[in-house]
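So that you can map any letter, position 103 of the sequence shown is 103 in our numbering, and since no number is skipped, the others follow by simple counting.
Relax, there's no trap hidden among the hints.
Dumping the calculated DSBU-like pairs for lysine-lysine here, alpha-carbon to alpha-carbon at most 35 Å:
hint, residue 1, residue 2
1, 81, 31
2, 110, 81
3, 81, 126
4, 110, 126
Since the hints were made in silico from the structure, they are not lab data.
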Amino acid sequence: MSRVTRCHTIAGHLASGGLTPLSLTGDQQRKGPEQCEHDGFAVRQHRDAAGSLIVIAGAYGPNWLRTLSEVVGRLEQPHLKCTVIRETPEAGDHEVLVRWATSDELQARKRAEAERRAPLVALLRKQEDAERAAAERQALEDAGQSGLW
Numbered sequence: 001m002s003r004v005t006r007c008h009t010i011a012g013h014l015a016s017g018g019l020t021p022l023s024l025t026g027d028q029q030r031k032g033p034e035q036c037e038h039d040g041f042a043v044r045q046h047r048d049a050a051g052s053l054i055v056i057a058g059a060y061g062p063n064w065l066r067t068l069s070e071v072v073g074r075l076e077q078p079h080l081k082c083t084v085i086r087e088t089p090e091a092g093d094h095e096v097l098v099r100w101a102t103s104d105e106l107q108a109r110k111r112a113e114a115e116r117r118a119p120l121v122a123l124l125r126k127q128e129d130a131e132r133a134a135a136e137r138q139a140l141e142d143a144g145q146s147g148l149w
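Modelling step: build the complete structure from the supplied sequences, incorporating the hints.
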C-alpha cells in the first residue's frame, strides 16, 4: 500500500510551478477538458485498487494537451518525488493519476538521469583535461622551459 497522497499538496506543487488552478467539482472534471475557457488544472481525490488515497490531476481549457504535459513535467521533477501514471481506466484522456514515488522508483530515475547525462559529463571532463594540459604547457613556456625536453 503506497503512502497517502493529498489533493492540496499536489495542487500546491502545480500552482507553485506556474499552472493555474481551477475550481471544478468532481462531476465537472469528469465531463471533459473543453468546458473551461482558460487553461488550467484541477485535482480530486481517488482510491486506487490497493485502497490507497491518490490524486487525479486533470488539464482543462482550449489547450489542455499542452497543460497536461506541463502537469506531468512538473510532477515528475526529482525534488517533488511523485509518480505519474498516464494511462489508466480510472482517469480520462485529460487526466493522470498521481501518487508518491517509492524509493525504488526514485533510485531508478536517478540512474536513468545519470545514464542520460553520461556522454555530456564525459565530454565536459575531456574538455577540462585538454584546457588544463594547455594551461600547463603555457605555464612552462612562460617560465622559459620548452615542452620538448
